[in-house]
Amino acid sequence: MAFNGDGNVPPPLVPPTPQPTTDTTQPPSGAPSTGAAVPVPANTSPTVAAPVAAGPQRAVGPASSTPAVATTPSYSAYQSHDRAAIVPGRGVIPDADMARAERHIRDINHFFSQRVVGQDRLRTALVSTLLAGGHILLESVPGLAKTTAAETLAAAVGGTFHRIQCTPDLMPNDIVGTQIYNYGTGSFTTQLGPVHANLVLLDEINRSSAKTQSAMLEAMQERQTSIGGEVYRLPHPFMVLATQNPIEEEGTYVLPEAQMDRFLMKEVLTYPTPAHEIEILERISSGRQQHELPPAPVTLADIEFVQELVSGVYVDVAIKRYIVDIINTTRFSGPRPIPGLSDQLRVGASPRGAIALMKVGQALALQAGRTFVIPDDIKASRHAVLRHRLVRTFDALANGIQPEQIIDVVFDAVPAP
Numbered sequence: 001m002a003f004n005g006d007g008n009v010p011p012p013l014v015p016p017t018p019q020p021t022t023d024t025t026q027p028p029s030g031a032p033s034t035g036a037a038v039p040v041p042a043n044t045s046p047t048v049a050a051p052v053a054a055g056p057q058r059a060v061g062p063a064s065s066t067p068a069v070a071t072t073p074s075y076s077a078y079q080s081h082d083r084a085a086i087v088p089g090r091g092v093i094p095d096a097d098m099a100r101a102e103r104h105i106r107d108i109n110h111f112f113s114q115r116v117v118g119q120d121r122l123r124t125a126l127v128s129t130l131l132a133g134g135h136i137l138l139e140s141v142p143g144l145a146k147t148t149a150a151e152t153l154a155a156a157v158g159g160t161f162h163r164i165q166c167t168p169d170l171m172p173n174d175i176v177g178t179q180i181y182n183y184g185t186g187s188f189t190t191q192l193g194p195v196h197a198n199l200v201l202l203d204e205i206n207r208s209s210a211k212t213q214s215a216m217l218e219a220m221q222e223r224q225t226s227i228g229g230e231v232y233r234l235p236h237p238f239m240v241l242a243t244q245n246p247i248e249e250e251g252t253y254v255l256p257e258a259q260m261d262r263f264l265m266k267e268v269l270t271y272p273t274p275a276h277e278i279e280i281l282e283r284i285s286s287g288r289q290q291h292e293l294p295p296a297p298v299t300l301a302d303i304e305f306v307q308e309l310v311s312g313v314y315v316d317v318a319i320k321r322y323i324v325d326i327i328n329t330t331r332f333s334g335p336r337p338i339p340g341l342s343d344q345l346r347v348g349a350s351p352r353g354a355i356a357l358m359k360v361g362q363a364l365a366l367q368a369g370r371t372f373v374i375p376d377d378i379k380a381s382r383h384a385v386l387r388h389r390l391v392r393t394f395d396a397l398a399n400g401i402q403p404e405q406i407i408d409v410v411f412d413a414v415p416a417p
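Numbering-wise (our numbering), the sequence shown opens with residue 1 and increments by one.
In short, the hints are calculated from the structure, not lab data. Accuracy of the hints is not assured; some may be wrong.
Restraint ranges, calculated between C-beta atoms of paired labels, are given here [claimed, not checked]: (1) 273 x 114: 15 to 21 angstroms; (2) 184 x 350: 47 to 53 angstroms; (3) 107 x 311: 19 to 25 angstroms; (4) 280 x 94: 40 to 46 angstroms.
Note that the structure is a prediction, hence the values are computed from the model and not measured. Glycine residues also receive a C-beta, built at the ideal position from the N, C-alpha and C atoms.
The whole structure should be built from the sequences, with the hints applied where relevant.
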């Protein structure tokens, strides 16, 4: 596919809904091998049931005691829930736990929509990042509800929220904390910095110096800070929401690649639609815009519970091969080389990119009411997960080639299972 400099508008990042179909291909590895077509339920849309003390369980993925079939299956075969064919040790998710998770996710989405109009892609990206246990980088022009969205997400889960306005004179101690000498006792006391919160908003992160940005690396990766030789663990869950403004270039610093790679996702916000903008004006003029947030619908313990379920969502080996093929293709070493790609890319995605695709895919699958990942989950998150991990060449930058265009070319070249 030829590269060009046409404008690019990323598609909405929403949990995909499987379409009803019937697959007659061989089942994936671990699925029951009967030699017949694998029927697919006519409607796989998630339904929320009331929690029960005990009940039937749904498999984390198709499984069987029969040997794996050495063929590449169609992903619709993943939709066959054979509860009688569960391999011991593969794991199950009780229906009551799934219903509880779906209820928590629905409550967060409803709470979010009470304060933020539209921005569905932003909401899905924030919730997916939180459930996957990662961090997110938001890029947009001013006034698109980045700060409001971060405050709302923190309030929705009952967590602590701190906002850090990044400036060129911001020092690392202003973020992680410092030691203060007490003249009365003759000893030092530790004052923890604002990074010690459940959700931390780093506003205009690219305005801080490289020294200050590096102070965030330990917090984001190790979930801890070092103050005066002592290590202080950060609260759990912990999530960093960083923002940067693409149009203000004076007084900004380029984020190092090591720090960019530590963000699970990078979401680029767009202007609201005219209908959404009218609703914003209606809320302001009628006084319906809530300034004081209602009580949190979920707790931090609920979020930890859902995060545990996300990590247990089944990822078939065919999906893992699909992810690895995509990542290797960005490094010019995949089984399906793309002519001219090396002229557009200088550095491809790291193994963190593969891990991020899998984790976000698991989060999207759970939000769609599934206990297994399908290729559409990987495709839905491709721009947000990979756009900040690809380093373009000077020619690509000069010709206006966007990272989303390169990502689409890579995904078109790698067939889905």
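We went through each hint and held it up to the structure:
no.	hint	in the structure
1	273 x 114: 15 to 21 angstroms	holds (19 angstroms)
2	184 x 350: 47 to 53 angstroms	holds (50 angstroms)
3	107 x 311: 19 to 25 angstroms	holds (21 angstroms)
4	280 x 94: 40 to 46 angstroms	holds (41 angstroms)
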